[in-house]
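**Q** These are the residues of each chain, in order.
Number of protein chains: 2
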Amino acid sequence: MTIDICFSPALLSYYAQPNDVVVVTDIFRATTTMCMAFSNGAKSIIPVASIEEAEEYKQNGYLVGAERNTKRCTFADFGNSPFEYTENRVKNKEIVFTTTNGTLALHAAKESGKVLIGAFSNIEAVVEKSIELGERIVVLCAGWNNKVNMEDLLFAGAFAEKLSAHTSLNLDSDAAKIALDLWNIAKENVADYLKGTDHYHRLVANGLEKDIQFCLQQNTLPLVPFYDKREAKIRVR
Amino acid sequence: MTIDICFSPALLSYYAQPNDVVVVTDIFRATTTMCMAFSNGAKSIIPVASIEEAEEYKQNGYLVGAERNTKRCTFADFGNSPFEYTENRVKNKEIVFTTTNGTLALHAAKESGKVLIGAFSNIEAVVEKSIELGERIVVLCAGWNNKVNMEDLLFAGAFAEKLSAHTSLNLDSDAAKIALDLWNIAKENVADYLKGTDHYHRLVANGLEKDIQFCLQQNTLPLVPFYDKREAKIRVR
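Protein sequence lines, in the order shown, are assigned to chains A and U.
Once you know that position 108 of the first sequence is 107 in numbering that gives the first Met the number 0, the rest is easy, because the numbers rise by one and skip nothing.
Once you know that position 78 of the second sequence is 77 in numbering that gives the first Met the number 0, the rest is easy, because the numbers rise by one and skip nothing.
Each pair may be met inside one copy or between any two copies, as identical chains are not told apart.
Here are the simulated lysine-lysine pairs, DSS-like style, with alpha carbons at most 25 Å apart:
#1 Lys42 - Lys228
#2 Lys186 - Lys128
#3 Lys146 - Lys109
#4 Lys70 - Lys209
#5 Lys128 - Lys42
#6 Lys209 - Lys194
Just so you know, these hints were derived from the structure itself, not from any lab.
Please model the entire structure based on the sequences and the hints provided.
**A** This is the structure in structure tokens:
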């Protein structure tokens with residue numbers, strides 16, 4: 000079994016091989032938020048790349064989650080905080096979703112063999128599902144506007160560590176070594192390690208420490224959302 | 000003063016700002032080799048992206064260095080080993096040069112404010128020149144076919160460390176933190192740390208341990224090649 004890690008959606012074409020299992024991650028906060036929505040009973044999520052598309056869905060009566068630069072778009076029902084997606088608001092609902100980076104990463108990945116949604120919230124469940132589904136796993140870090148970010152790399156390192164605990168793993172890729180070595184520095188206190196980073200600052204400046212803490216907890220939402228190509232939706236079953 | 004680090008030529012457009020000083024690095028081996036050529040008196044280097052262009056120059060009587068996948072192209076006078084570019088072969092000569100990754104990175108950078116050639120061989124000289132030239136420095140890692148590699152990231156980390164010893168530095172970028180933290184793990188024994196990496200294997204498999212050792216030595220060739228936009232050549236003066 001092989002793992003590779005792609006640090007930016009703009010690099011995926013250089014990493015992708017046919018039949019890859021691609022694990023899309025956007026720790027702060029899109030993929031964590033999707034896990035929360037499904038955990039609270041959402042039926043499906045329709046990921047859209049642009050604000051314009053999301054607004055069109057809204058006009059047609061859909062529930063819409065839309066965020067840009069950490070803030071909820073004014074027309075939308077939800078922003079990108081996991082705590083907004085409560086059971087009474089999302090149970091059995093279909094939600095249209097667009098975020099600064101997460102939906103961009105999904106868009107880049109959608110032609111891959113299988114596409115799973117990964118976060119610290121469901122890390123162990125995604126590791127197990129990946130082993131079941133494929134021989135080559137690529138963790139795709141959403142980053143920030145196609146730039147590399149730390150929290151997604153740390154997730155990738157944690158993912159590689161957990162995967163290697165379950166199965167014999169080819170870790171030859173430099174990207175995997177980079178992510179693992181950073182994870183080994185950070186893992187004793189991830190929130191503390193992230194204090195010097197871009198997105199941490201941005202979230203704290205917007206009063207979102209609670210989101211940060213939640214997004215870094217492991218295995219709180221043990222389900223595996225996947226991208227259903229035929230329907231162009233994310234579902235859990 | 001600000002530093003950012005771009006992990007792949009394919010990401011430069013997301014990192015670039017007007018008037019950046021871009022330090023292009025391809026530690027194994029293109030930028031090290033260019034430093035050696037200039038140290039041995041080469042007059043200028045004409046970087047070309049394709050083998051076809053390099054062959055055309057060769058047919059027109061130019062000296063040509065050309066490498067793909069660590070091997071010298073058969074038509075060429077030199078490959079990509081610094082030890083081939085001896086004084087008796089390069090002094091006062093103009094050399095056409097194409098390599099797997101280094102010239103790709105140069106091509107990506109050529110519209111930047113200033114473009115310098117960086118390697119461990121000239122690291123301190125490039126740090127000093129960068130401080131003289133600009134307010135915002137971007138280290139552009141050549142990587143391998145647009146994928147991230149370890150040795151270029153380590154150079155970037157070492158560069159950030161040295162730059163911050165000279166001047167007050169904005170190190171807020173996640174990419175800079177990643178490179179610095181890796182450099183801090185690796186710096187006690189860089190060759191040892193690199194033993195698990197892709198390109199190290201590739202070079203050792205081709206009998207090039209001597210090149211590796213040389214490419215990791217600091218300040219052996221203290222000059223600063225730069226890209227002269229007007230002439231589309233690399234020069235030192």
